[in-house]
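Engineer: Chains as they are written, first to last, in the numbering used here: chain A, 1 to 192; chain V, 1 to 192.
Heads up, a few of these hints could be off.
Each pair may be met inside one copy or between any two copies, as identical chains are not told apart.
[Claimed, not checked] The calculated DSS-like cross-link candidates involving lysine-lysine, where the alpha carbons are at most 27 Å apart (straight line), are:
no.: 1; residue 1: K3; residue 2: K150
no.: 2; residue 1: K94; residue 2: K73
no.: 3; residue 1: K94; residue 2: K183
no.: 4; residue 1: K155; residue 2: K137
no.: 5; residue 1: K3; residue 2: K27
no.: 6; residue 1: K184; residue 2: K110
no.: 7; residue 1: K73; residue 2: K174
no.: 8; residue 1: K52; residue 2: K137
no.: 9; residue 1: K155; residue 2: K73
no.: 10; residue 1: K174; residue 2: K155
no.: 11; residue 1: K183; residue 2: K110
no.: 12; residue 1: K27; residue 2: K137
no.: 13; residue 1: K183; residue 2: K64
no.: 14; residue 1: K94; residue 2: K104
no.: 15; residue 1: K3; residue 2: K64
no.: 16; residue 1: K150; residue 2: K174
These are computed hints drawn from the structure, not numbers from a lab.
Keep in mind the model is a prediction, meaning the values are calculated, not measured.
2 protein chains.
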Amino acid sequence: MTKIELDTGVAPFPKPAVLLGAMVDGKPNFMNLAWLTRISFKPHLWVLSVPKTRYTAEGIRQQKKFSICIPGKDLVVELDYCGITSGRNEDKSKIFTIFYGELKDVPMIKECPVCVELTVFDEIEMVDRLLIIGEVKHIYTEERYLTDGKLDQDKIGILSYTQPPSAYFLLGEKVADAFSVGKKLRSKAGTS
Amino acid sequence: MTKIELDTGVAPFPKPAVLLGAMVDGKPNFMNLAWLTRISFKPHLWVLSVPKTRYTAEGIRQQKKFSICIPGKDLVVELDYCGITSGRNEDKSKIFTIFYGELKDVPMIKECPVCVELTVFDEIEMVDRLLIIGEVKHIYTEERYLTDGKLDQDKIGILSYTQPPSAYFLLGEKVADAFSVGKKLRSKAGTS
Numbered sequence: 001m002t003k004i005e006l007d008t009g010v011a012p013f014p015k016p017a018v019l020l021g022a023m024v025d026g027k028p029n030f031m032n033l034a035w036l037t038r039i040s041f042k043p044h045l046w047v048l049s050v051p052k053t054r055y056t057a058e059g060i061r062q063q064k065k066f067s068i069c070i071p072g073k074d075l076v077v078e079l080d081y082c083g084i085t086s087g088r089n090e091d092k093s094k095i096f097t098i099f100y101g102e103l104k105d106v107p108m109i110k111e112c113p114v115c116v117e118l119t120v121f122d123e124i125e126m127v128d129r130l131l132i133i134g135e136v137k138h139i140y141t142e143e144r145y146l147t148d149g150k151l152d153q154d155k156i157g158i159l160s161y162t163q164p165p166s167a168y169f170l171l172g173e174k175v176a177d178a179f180s181v182g183k184k185l186r187s188k189a190g191t192s
Numbered sequence: 001m002t003k004i005e006l007d008t009g010v011a012p013f014p015k016p017a018v019l020l021g022a023m024v025d026g027k028p029n030f031m032n033l034a035w036l037t038r039i040s041f042k043p044h045l046w047v048l049s050v051p052k053t054r055y056t057a058e059g060i061r062q063q064k065k066f067s068i069c070i071p072g073k074d075l076v077v078e079l080d081y082c083g084i085t086s087g088r089n090e091d092k093s094k095i096f097t098i099f100y101g102e103l104k105d106v107p108m109i110k111e112c113p114v115c116v117e118l119t120v121f122d123e124i125e126m127v128d129r130l131l132i133i134g135e136v137k138h139i140y141t142e143e144r145y146l147t148d149g150k151l152d153q154d155k156i157g158i159l160s161y162t163q164p165p166s167a168y169f170l171l172g173e174k175v176a177d178a179f180s181v182g183k184k185l186r187s188k189a190g191t192s
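One chain only, chain A, in its complex shape (with noise of 0.2 Å):
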């Protein structure tokens, strides 16, 4: 039961695994992203954090606003690809049906079963890389991956990444409802 100590490059905990969508020099451009966290309610702000010299950086600097597309388990090839390929050197897009939405030019994928707009509602430079903290605008989704009017994980095939060993997984069994097991271990009404 000794604790043993490890490298300090580890993450030991699941990151989501999505495609993170901009316009770079008037061309639909996408990257896989893992390292994205949701950090406010009042406005809905998630946090992503990019390279500065990535080319999609480029253009979410540019323009100011970019997508965020959930891929299913279907697109895991699609997904993997744009992780390993820069923009400047292929044309990503030609692999996905692109559409728009409401703030126009930002570019999203028919192919995923959830994309999020979003505009730029700050950016911060830390070390090498790019904080871009986003403001999510629109949410689109198909009447397929709904149950009872509600996102359903299972029908998206929500894909997780983790690290060790880097791959890309499904989620599994449900362990507890949350905001709800917890309660018995309260001896007095706490609040959080």
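Once you have looked at the hints, place chain V on chain A.
Structural biologist: Just chain V now, kept in the frame of chain A:
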């Protein structure tokens, strides 16, 4: 196949389900944390978002250091309890065996398969939230969670939080290896 719009309040990608720990007024405290991601390799930086008024946020601001402990499936009740109960009202440290590492007064949970000590690299106020940028200083585990010297997520039982539905899930089926399966779409040697 027509796209329909959803309420902008959903964030349908997997998030980690971990415990954020800090000393607050000299007492170990832990909260449930899902809004966490990695943001940099050099140095190893992670970002998390907490309400400015949160009890744990006070501790992090006091000490400029904190912990992130990664629970397995067996700790799901304790994890959820730490999300629905404030340390202002109940002493949450009593439900865990606390240990300390190199940073001395950063409380960690012995029952968690992986515990990480971080120092505050930066703090950013964002609406009613505090974005805390943490630099990973030490990562602790036990031999029984390793396979061939590497963390084994099946042995840990790593949890995700997703919404909808608001619940904790184990990782499921491995779909593909990352930085690998997408190579078949490359038309020439692209770079990431």
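Engineer: Now look at each hint and say whether the structure bears it out.
Structural biologist: Status of the hints after comparison with the structure:
Proximity of K3 and K150 under a CA criterion of 27 Å is satisfied inter-copy only: 14 Å between copies versus 43 Å inside one chain copy. For the homomeric pair K94 and K73, the shortest alpha-carbon distance inside one copy (19 Å) is at most 27 Å, but the shortest distance between copies (42 Å) is not. Taking the shortest alpha-carbon separations for K94 and K183, only the inter-copy value of 16 Å comes in at or below 27 Å, while the best intra-copy value is 50 Å. In this assembly of identical chains, K155 and K137 lie within 27 Å of each other by CA distance solely inside one copy; the values are 24 Å within and 40 Å between copies.
Proximity of K3 and K27 under a CA criterion of 27 Å is satisfied inter-copy only: 22 Å between copies versus 51 Å inside one chain copy. Taking CA atoms no more than 27 Å apart as the test, K184 paired with K110 passes between copies only; the shortest distance there is 21 Å, against 44 Å inside one copy. In this assembly of identical chains, the alpha carbons of K73 and K174 lie at most 27 Å apart whether taken from the same copy (18 Å) or from different copies (10 Å). In this assembly of identical chains, K52 and K137 lie within 27 Å of each other by CA distance both inside one copy and across copies; the values are 24 Å within and 24 Å between.
Taking identical chains as interchangeable, the C-alpha atoms of K155 and K73 lie at most 27 Å apart whether they share a chain (10 Å) or sit on different chains (24 Å). When the C-alpha separation of K174 and K155 is checked against a cutoff of 27 Å, the pair qualifies both within a copy, at 15 Å, and between copies, at 17 Å. For the identical chains of this complex, K183 and K110 are inter-copy neighbours only, at 22 Å across copies versus 41 Å inside a copy, given an alpha-carbon limit of 27 Å. In this assembly of identical chains, the alpha carbons of K27 and K137 lie at most 27 Å apart only when taken from the same copy (22 Å versus 41 Å across copies).
For the identical chains of this complex, K183 and K64 are neighbours neither inside a copy (43 Å) nor across copies (31 Å), given an alpha-carbon limit of 27 Å. Taking the shortest alpha-carbon separations for K94 and K104, only the intra-copy value of 19 Å comes in at or below 27 Å, while the best inter-copy value is 54 Å. Taking the closest pair of Cα atoms, K3 and K64 come within 27 Å of each other only across two copies (24 Å); inside a single copy the shortest separation is 46 Å, beyond that limit. In this assembly of identical chains, K150 and K174 lie within 27 Å of each other by CA distance both inside one copy and across copies; the values are 17 Å within and 26 Å between.
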